[in-house]
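Protein chains: 2
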Amino acid sequence: MSDATIAAATEAAAAAPIANTKPQSSKKASKKSKKQDQFLLKTPKGTKDWADKDMVIREAIFGTLTSLFKRHGGVTIDTPVFELREILTGKYGEDSKLIYNLEDQGGELTSLRYDLTVPFARFVACNSISSIKRYHIAKVYRRDQPAMTKGRMREFYQCDFDVAGNYDTMVPDSEVLTLLCEGLTSLGVKDFKIKLNHRKILDGIFQACGVKDEDVRKISSAVDKLDKSPWEAVKKEMVVEKGQSEEVADRIGNFVKLNGSIRDVLQILQSNDLLKENESAQKGIEEMSILADYVDAFEIAGFTSFDLSLARGLDYYTGLIYEAVTSASAPPTNASELKEKAQKEKTEVEDASEYVGVGSIAAGGRYDNLVGMFSNGKSIPCVGISFGVERIFSIIKARATKELEKISSSQTQVFVMAFGGGEGWNGFLKERMGVTNKLWSAGINTEYLYKSKANIRKQFDAAEKSGAQIAVILGKEEYPQGQLRLKVLGQGDDSDQGEIINVDDLVSVVQDKLSSLNKDGLDEITRLIKGL
Amino acid sequence: MSDATIAAATEAAAAAPIANTKPQSSKKASKKSKKQDQFLLKTPKGTKDWADKDMVIREAIFGTLTSLFKRHGGVTIDTPVFELREILTGKYGEDSKLIYNLEDQGGELTSLRYDLTVPFARFVACNSISSIKRYHIAKVYRRDQPAMTKGRMREFYQCDFDVAGNYDTMVPDSEVLTLLCEGLTSLGVKDFKIKLNHRKILDGIFQACGVKDEDVRKISSAVDKLDKSPWEAVKKEMVVEKGQSEEVADRIGNFVKLNGSIRDVLQILQSNDLLKENESAQKGIEEMSILADYVDAFEIAGFTSFDLSLARGLDYYTGLIYEAVTSASAPPTNASELKEKAQKEKTEVEDASEYVGVGSIAAGGRYDNLVGMFSNGKSIPCVGISFGVERIFSIIKARATKELEKISSSQTQVFVMAFGGGEGWNGFLKERMGVTNKLWSAGINTEYLYKSKANIRKQFDAAEKSGAQIAVILGKEEYPQGQLRLKVLGQGDDSDQGEIINVDDLVSVVQDKLSSLNKDGLDEITRLIKGL
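Note that the protein sequences, when read in sequence, are chains H and V. Under UniProt numbering, think of the first position of the first sequence as 1, with each following residue one higher. Under UniProt numbering, think of the first position of the second sequence as 1, with each following residue one higher.
Incorrect hints may appear among the rest.
Note that identical chains are pooled: a pair holds if it fits in a single copy or bridges any two copies.
[As the list claims (entries may be wrong)] Using 27 Å as the maximum straight-line C-alpha spacing, the simulated DSS-like pairs for lysine-lysine come out as follows:
1. K70 x K406
2. K451 x K378
3. K487 x K70
4. K235 x K438
Honestly, the hints are just simulated from the structure, not real lab data. These numbers were taken from a predicted model, which means no experiment stands behind them.
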C-alpha cells in the first residue's frame, strides 16, 4: 500500500467530502500516484488538511472553549511554533525522542513545540510575570505513531488553560477541574470520568515500597502504562528492565490497583502503615483532603475518581495530576488481534486507528518548578489543563452523522441573480456587482455567479450550494424601472414568484427578512456541538 | 550587544507591557543573560511572543477579516504547518533560499510553509476541487532579515482569501480587489493605494523591448526592486548582472516609469507601437480594459493605480497582480544613512526596523497554473489576496496609543468577594466558590481571589485589574441570611455601599445589571480597530 493510498483512505474516513469534490476512492488515488512519480501528492505523515464541515465543527469547538476560558478570566497569548532547542531539552522524559527538530541552516538550533506548557513557562519566566490566567489554542508537534481517525496525529491542536501565581493550596487546582467539567459538558461529552492522582503521593508510595530516589521517575513512567498494559506486563518492566525486586513491585501493585471516590481512597491511604512515616505521601494526602472539600463546593465530585494508577508521562508535574477519559478512550476489545493482523499484512504500520482508542481527551496537572528551570530557580507555581480537541472532535463527529447534513460550510445569506434573455440581454453583470456591493456595505453575506451571462438554473444551483436564505433577482424588465424581486429560498415552492421591492429599500427589506427568518431558527452547529 | 538584549529591546518597543510585569530594560536583560549562561531566555530570532493588549488587537483584526471573508461567501481550511519539501520546490524564485527545512529525522523531507498560496493549490489538487472560495488565517515562515517593530518577522500571520474556479475574465479578480478595499477600510487604514499591474503586459513589454524569453523572469525580479531602489541601480543590475544591453534596459525604463489611473495608462499602452504586435501585451491590455469597467461597478477606482513598475517577486503569478501600500510602507527618508550607521556599529544587523518601512500591507494576484503543477497540468485558475496582518497591526498600534489605555485584556464581568473579619471568620472561600459557580453556569465571566482569607483592599485591587464591572459581595452577617451585596465598579464612588439582593435572584439581577451597563457602551476595541 503506497503512502498516497493510505493518506487518501484515512482522509476519506476522517473527513467529510469537500465541497465540489468527488470523494477519492483508494483505487483512484493509487492510480494517480503511479502517474505522478515526481510528486507524492499528500500531506506529511500524521498530518491532514481540515476543510468543509469538519472545519466548521472544529471552529465551533474552539469557540465554545474560548468562551469557557474567558468565563474564568483567561487572557490569551501566542508563542512561536518553534523554540530554541535547549528550552525543550529535559522536560519530557522518555517522550523527548518525539520532538521535531528544524534543520541547522546556519543560525540558532530550534525545535517545534511539543506542547503549550513548556513555552508558557518560558513565557512567564521571560517576562517576569508573577500571576496570569492564560489560555492558548494552538498546534503542537510529536513524531508519534499516528491513528488518524481516532484524532491521534503528529500535528494537532491543544486548547490549554493554565493558572500561574502564588495562591492558597488547591484553590486554582479545583477551578481547573471545574473548568474541565464545564468544557466537556458544553461539548456534549457526558459520560466522562476525571482520573485524579497526586505526584507527591505516588512518589511517597514508591519510596515507601522500597524504590530508590533516583529510580522513582522511571518507575513512575512504567506505572503510566497501566492504562494500556495489564499489571503483569508493567511488573515485568519494573523487575526485568528497571531492576526492582519482585517484592518491591508487588508492594507497588497493591497501591496502584486502588481507585474510587477521593474520600474513600484517602481513608485507605490515611490508615496505611507503610505511608505513615513518608513525608511526601503525607503532604499529598493533606492536599487531597483539601481538594475533596473544594470539589464538593463546585459540585463536581461525581465526575472524579482518585486513581493511583494514573502517573502521567511528563517529568514536570509536581502535585495534582488528572486525565479525562470516556468510553471511546479505551482500545476496541479485540485490539491485540487487529494489531497482529495489521502487522502481518504490512512491514510498517502506517496508521494505528484500527486497534487503539481515542485515549484521554483532556489532561493536566500542577507543575510548580517548571518556570524556575528558566529563571534561576525563582519559580512561579502553575496548574493547568489541556483539551485534546481532535480527539473530542472524533467523538462529536461519530455521534452527529445525521445532524451534519443540515450544516452549510459557508455562511452566505443572500444570492444576487439576474433573469432575462432574448435580444439585447447582457446578463446584468455590472448591475449585479452594484447590488451585491450595497449588501456587502451593509454587512450582509452575499454572493453572485461570476459569469457575465448565466442561466436561471445555474444561478439557483449556486444559490442552493451557498446555503443562502434569500435570492435577490434583477429582472430584465423590472430592474430598469428601479425594482428588484426578493424570493425566500429552500421553501420547496418553485411556483413562488417572490415579492417586488424598490431598489432603494433593498438593504432594509433584506435585513428585516433575514431577522424574521432566523427569529425562531436554532443554530444547528450549536445544537450539534452540545449534543442536543 | 547580545541576542537577549536585542530581543528584549525590540520586544519592549513592539509590545505593551504584559500584565503583572515590570517591563525589562535592556540593561536588566543583559545582566540576566550573563547570569544564565546555560539558557538564552528568548524566542528564536525574528519571532516574538504575543500577549496582553497586543493580542486583543490582533484577535480583533482577525475577527474583522473573518467577517469580511464570510461576507464574500468564503469557507475556511487548515493545512499542516509543514509540507513535503518537493511541494514547495520551484515555486518562489529567488526567495526559495528563505525556506525553513525540518531536520531529516528518518522519515519524509519536509519544510515549513513559506506562504498559504502553495499549500492552497496543493489542497485544491489533492482533493480534485473544481471551485472554492477559501480563507485561511495562519502563520508562515521566512528566514529573512527581521524588522520587528515594522511587523516584518520570520514567523508571521497571513490572512488569505482566494477564489479557485473557471469563471469569466476579471470577475473574481475585481471582487478580490473590492474585498481588499473593504478590509483595509474596516481596519481604519484610509490612505492606502492599490498598485495594479498585469504579468502578461509586463512580460510583453520585456519581449517587445528585446529581452529573450528565458531572461524574462529574472528581469522581472530586477524590476520588482524598484520600490526599494532607484532606476539607476535596477538598470545596473539588468546590464551588469543580468546581461542585457543598455538600449534594452532604457526601453524597459520608459515603460516601468508609467503609472496612473487604469484608463489613462491603458490609453498610453494601446497607442504604443512597440506593443502592437505583441500577443501577450495585447491580451493583458484587453483584460485590464474589462477590469476598468468592474472597478467602476464596485466604486473602487479611486483606490487604484496602474503601476508598470510593480512586478511581484514570486514565480507563480500569471495575470493581474497587486499590492496595497500606505504612507508607512516606505522606508524613512534618511534610511540609507541609518543603515550605514547600523552596519558600522555591528558586524551583523539583527533588526532592520530603523531603516526599513512597513512595506506592502496586502498583496496578491492571479495564478492560473499553480494547481496544474500538482495535477499533471489539469489546472484550476485561481486569484487571491493576502493581508499582512502584523504590518497592519503596527500601523493600528502607532495611531491608537491613547485608546489602548481603555482596553482590558481579560473580559471578566463579575468579581465575587467576601467581607468579614473578627472571631470565627473563615473567609467564605467555599461559599465564594459556590456563588461563582452559579454565575459560570449562567455563562457570566466571573473571577474571585484564590485565597481562603483575603482582605477587602486586595479583593478590590484584583477586581479592578480584572476589568470586572460588578462586584458581588458575601458579607459575614448578610450571606448566612440569604443575602448578597451587589456593587457597580469603576464609578469612582467608594462610599457607595451597593444594593442588597437575595441569593436566589443573583443570576437574573446580575444579567439585568450587565445589560443596563452595556446598553449605551461602545465597544472600545471595535472603535480602536476601525480608527473611529
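*Quick one: which hint numbers does this structure break? Sort them smallest to largest.*
4
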